[in-house]
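K.L.:
Now for the letters of each chain:
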Amino acid sequence: MPESQPPESAGTALADEMGTTGLVADAFTVEIAGVTAGVQPTRKKRLGFGAWLAIVWLVGLIVAAIAAPILPIAGPNETFTSIQRAQAPFATISTPGGGTTTPFAEGHLLGGDRNGHDLLSRAIYGARNSLIVGFGAIAFGILVGGLLGLIGGYYRGRVDAVIVAFLDIMLAIPALVLALSLTAVFRGRVPDLWILVIALAIISVPVLGRITRANTLVWSEREFVTAARAQGAKNWRIMTREVLPNVLPAMFSIALLGVAVVIAAEAALRLLGIGLSITDPSWGGIINDGRDFLTQGITAHVVFVGSAFIFFTILSLNYLADVVRARFDVREAAI
Amino acid sequence: MLDALGTILGILLILVVVVGVLGVLALALGTRAGRKKLLQLIIVLLVVTFFSFSLLHLTPGDPARTQKPFATEAQLRPIRKEIGLDKPFLVQYKDWLFDFVRGDFGKDYSTNLPVKDSIGQQLGISLQLIFYAQFLALALAIPLGILAAYKAGTWFDKIGNAAAFGAIAIPPFVIAFVLIFYLAVQGGWFPTQQYVAFGTDPAEHFKHMFLPAVSLAIAQIAIYMRLLRSDMIQTLQEDFITMAKAKGLTNRRILWRHALRPSSFTLLTAAALNFGALIGGAVVIEVVFQLPGMGLGLVTAVATRQYSAVQAYVALIAVAFVLFNAMVDGVYSVLDPRIRHARVAAA
Numbered sequence: 001m002p003e004s005q006p007p008e009s010a011g012t013a014l015a016d017e018m019g020t021t022g023l024v025a026d027a028f029t030v031e032i033a034g035v036t037a038g039v040q041p042t043r044k045k046r047l048g049f050g051a052w053l054a055i056v057w058l059v060g061l062i063v064a065a066i067a068a069p070i071l072p073i074a075g076p077n078e079t080f081t082s083i084q085r086a087q088a089p090f091a092t093i094s095t096p097g098g099g100t101t102t103p104f105a106e107g108h109l110l111g112g113d114r115n116g117h118d119l120l121s122r123a124i125y126g127a128r129n130s131l132i133v134g135f136g137a138i139a140f141g142i143l144v145g146g147l148l149g150l151i152g153g154y155y156r157g158r159v160d161a162v163i164v165a166f167l168d169i170m171l172a173i174p175a176l177v178l179a180l181s182l183t184a185v186f187r188g189r190v191p192d193l194w195i196l197v198i199a200l201a202i203i204s205v206p207v208l209g210r211i212t213r214a215n216t217l218v219w220s221e222r223e224f225v226t227a228a229r230a231q232g233a234k235n236w237r238i239m240t241r242e243v244l245p246n247v248l249p250a251m252f253s254i255a256l257l258g259v260a261v262v263i264a265a266e267a268a269l270r271l272l273g274i275g276l277s278i279t280d281p282s283w284g285g286i287i288n289d290g291r292d293f294l295t296q297g298i299t300a301h302v303v304f305v306g307s308a309f310i311f312f313t314i315l316s317l318n319y320l321a322d323v324v325r326a327r328f329d330v331r332e333a334a335i
Numbered sequence: 001m002l003d004a005l006g007t008i009l010g011i012l013l014i015l016v017v018v019v020g021v022l023g024v025l026a027l028a029l030g031t032r033a034g035r036k037k038l039l040q041l042i043i044v045l046l047v048v049t050f051f052s053f054s055l056l057h058l059t060p061g062d063p064a065r066t067q068k069p070f071a072t073e074a075q076l077r078p079i080r081k082e083i084g085l086d087k088p089f090l091v092q093y094k095d096w097l098f099d100f101v102r103g104d105f106g107k108d109y110s111t112n113l114p115v116k117d118s119i120g121q122q123l124g125i126s127l128q129l130i131f132y133a134q135f136l137a138l139a140l141a142i143p144l145g146i147l148a149a150y151k152a153g154t155w156f157d158k159i160g161n162a163a164a165f166g167a168i169a170i171p172p173f174v175i176a177f178v179l180i181f182y183l184a185v186q187g188g189w190f191p192t193q194q195y196v197a198f199g200t201d202p203a204e205h206f207k208h209m210f211l212p213a214v215s216l217a218i219a220q221i222a223i224y225m226r227l228l229r230s231d232m233i234q235t236l237q238e239d240f241i242t243m244a245k246a247k248g249l250t251n252r253r254i255l256w257r258h259a260l261r262p263s264s265f266t267l268l269t270a271a272a273l274n275f276g277a278l279i280g281g282a283v284v285i286e287v288v289f290q291l292p293g294m295g296l297g298l299v300t301a302v303a304t305r306q307y308s309a310v311q312a313y314v315a316l317i318a319v320a321f322v323l324f325n326a327m328v329d330g331v332y333s334v335l336d337p338r339i340r341h342a343r344v345a346a347a
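Chains as they are written, first to last, in the numbering used here: chain F, 1 to 335; chain X, 1 to 347.
Read the hints as simulated data drawn from the structure, not as lab findings. Here the structure is a predicted model, which means the values were calculated and not measured. Glycine residues also receive a C-beta, built at the ideal position from the N, C-alpha and C atoms. Don't take every hint at face value.
[Unchecked claim] Calculated from the model, a selection of chain F residues having no Cβ within reach of chain X, i.e. all distances over 12 Å: (1) VAL63; (2) ILE70; (3) ASN115; (4) LEU120; (5) TRP194; (6) PRO249.
[Unchecked claim] DEER-style ranges, computed between Cβ atoms: (7) X/PRO114 to F/GLY60: 50 to 58 Å; (8) X/ARG80 to F/GLY273: 24 to 32 Å; (9) F/GLY48 to X/THR200: 53 to 61 Å; (10) X/GLY153 to F/THR79: 49 to 57 Å; (11) X/ASP201 to F/ALA161: 52 to 60 Å; (12) F/ILE298 to X/ARG253: 16 to 24 Å; (13) F/ASP292 to X/ASP201: 25 to 33 Å; (14) X/GLY188 to F/ARG187: 46 to 54 Å.
Please work from the sequences and hints to get the whole structure.
P.N.:
In structure tokens form, the structure reads like this:
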């Protein structure tokens, strides 16, 4: 928004005067009302309770994921004989002394999986991979899709037509099918984590490209852009210093939704037997490891722990995306 | 082969697509914008099939070798010739595309049967699953959406919004596992694996399809409900609704007979687009429930490295998706002249 622009920019004053509302969605996009939490557009600077909850969850996860090796938790591939006998956190295990204990009492707060791994540790180390895949893929999507969208929306004409056609073609293949076929192609040539990031990044390019283009189209028509041009600013400078700061909120909002989609896609690919190997913990991996126990009726907690981490993370990301959208009054395109 | 319901659904779908494409064609050739759209459609289809085709050649190793890993060089030669690997790349693509359009998708090298046979059956099963899921989603979302719009701003609406927002954040496979655990494993009411044809045993058929359909439907109920709610709130502020109220019509009649139809455009578009997307998008649910649909077929082909089958699956799913979207787009502009004029003006 305007405060992120340099004060000497002629556009700043104009943008302030005009107000920052008035974004119109691209004519070919359908507004999806379904993904909103009903956060009302507001100019308030204060964040609501829900937003703080979401931020606390995400920041907590990121800190735990980074600090995992120094946290007082077990290693992700360490096996415990006590959990091998009973996995659910409150299942009873008989001790050699004749008494009983539970995995929870033994310090395994979320219980363990069938391999005797501590689930809390798997979930926190899993957060590393899930978040790397989620944010890594979207970071790539922002770079490539953002650049394409900015160029297409700013220059228009033939360049734009080619870029739009390119993005449309990428959207023509259903995302999971594209990810599946890309992993099939790259399998064995690069490490599994990179395959995932690349495949999911490619999927996110058209989504971020379209939203950036649609918003760039609108913002580059504005008076402050004309003013900057009249002052002799180069195209590149106008794109990065005048247009981009105004397009960023919309990109950011969609990027948050995108991270959520990618985290779910990682888990889905893992369930399809494609993706990270068994020694690399991820939330999808936890669910996949617990699948047999669930269908055999032994215990469902392994699947539910993995699912809960995915659910709360997606919920937080979706909610924050909505807060960003409401704050900046972004009216955007469908994914 | 296809069972009765699958065949009927398949024929219906083909009919809808054919009628849709013909309609779009008739419309497209009439206007400049339409001709441009048609040209774009053809280019997209060519590029998408080209991408599917080149998957085989992007994969590491010799495509012939992956099909017969232990064959000698001499044994591989006829396979190479059959796939056409001795010809230039673009000629190979042309040959493949011609075969693909005629419905010849190559052979499955583990069973030596044409890929077409299994795909036909799988498409029927996938279509049934999508049909049930969409039916469930619309059947629940329409009344809920109407009620939410009617009670906009009340506690019911707020709780509904929160529930919908939560439902969207749950991936379908998580819903699937929760349902499997509580309704199938603990309750014992539903089977969790395999597929039973409608013709074999209708009751068992629906029992087998229920959990997968619900897993897919939950998030869509939430989305459809929200779409209908926001359009309906706008419709309810129109003059003709005030008029209907003034005439003393009952709320039920106003909501269902007067307000629903003008509010359902966005909803129906979203539902139609979803239908196309789900042909490949139900992959995970098909795998979790071991339903032998297109998704499970694609995953099996990837896992067993049946690359000619992978090509066929990816191409079919993408082409179906593109045609479906183009059709929805075309039908939509036929139904709502505002859009047609807006697009012509924009072009």
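K.L.:
Hint by hint, note whether the structure agrees.
P.N.:
Cross-check of the supplied hints:
no.	hint	verdict
1	VAL63	holds, 22 Å
2	ILE70	holds, 31 Å
3	ASN115	holds, 19 Å
4	LEU120	holds, 19 Å
5	TRP194	holds, 15 Å
6	PRO249	holds, 20 Å
7	X/PRO114 to F/GLY60: 50 to 58 Å	holds, 54 Å
8	X/ARG80 to F/GLY273: 24 to 32 Å	holds, 29 Å
9	F/GLY48 to X/THR200: 53 to 61 Å	holds, 54 Å
10	X/GLY153 to F/THR79: 49 to 57 Å	holds, 55 Å
11	X/ASP201 to F/ALA161: 52 to 60 Å	holds, 54 Å
12	F/ILE298 to X/ARG253: 16 to 24 Å	violated, 54 Å
13	F/ASP292 to X/ASP201: 25 to 33 Å	holds, 28 Å
14	X/GLY188 to F/ARG187: 46 to 54 Å	violated, 39 Å
Violation of the numbered hints given earlier is confined to hints 12, 14; the remaining hints are satisfied by the structure.
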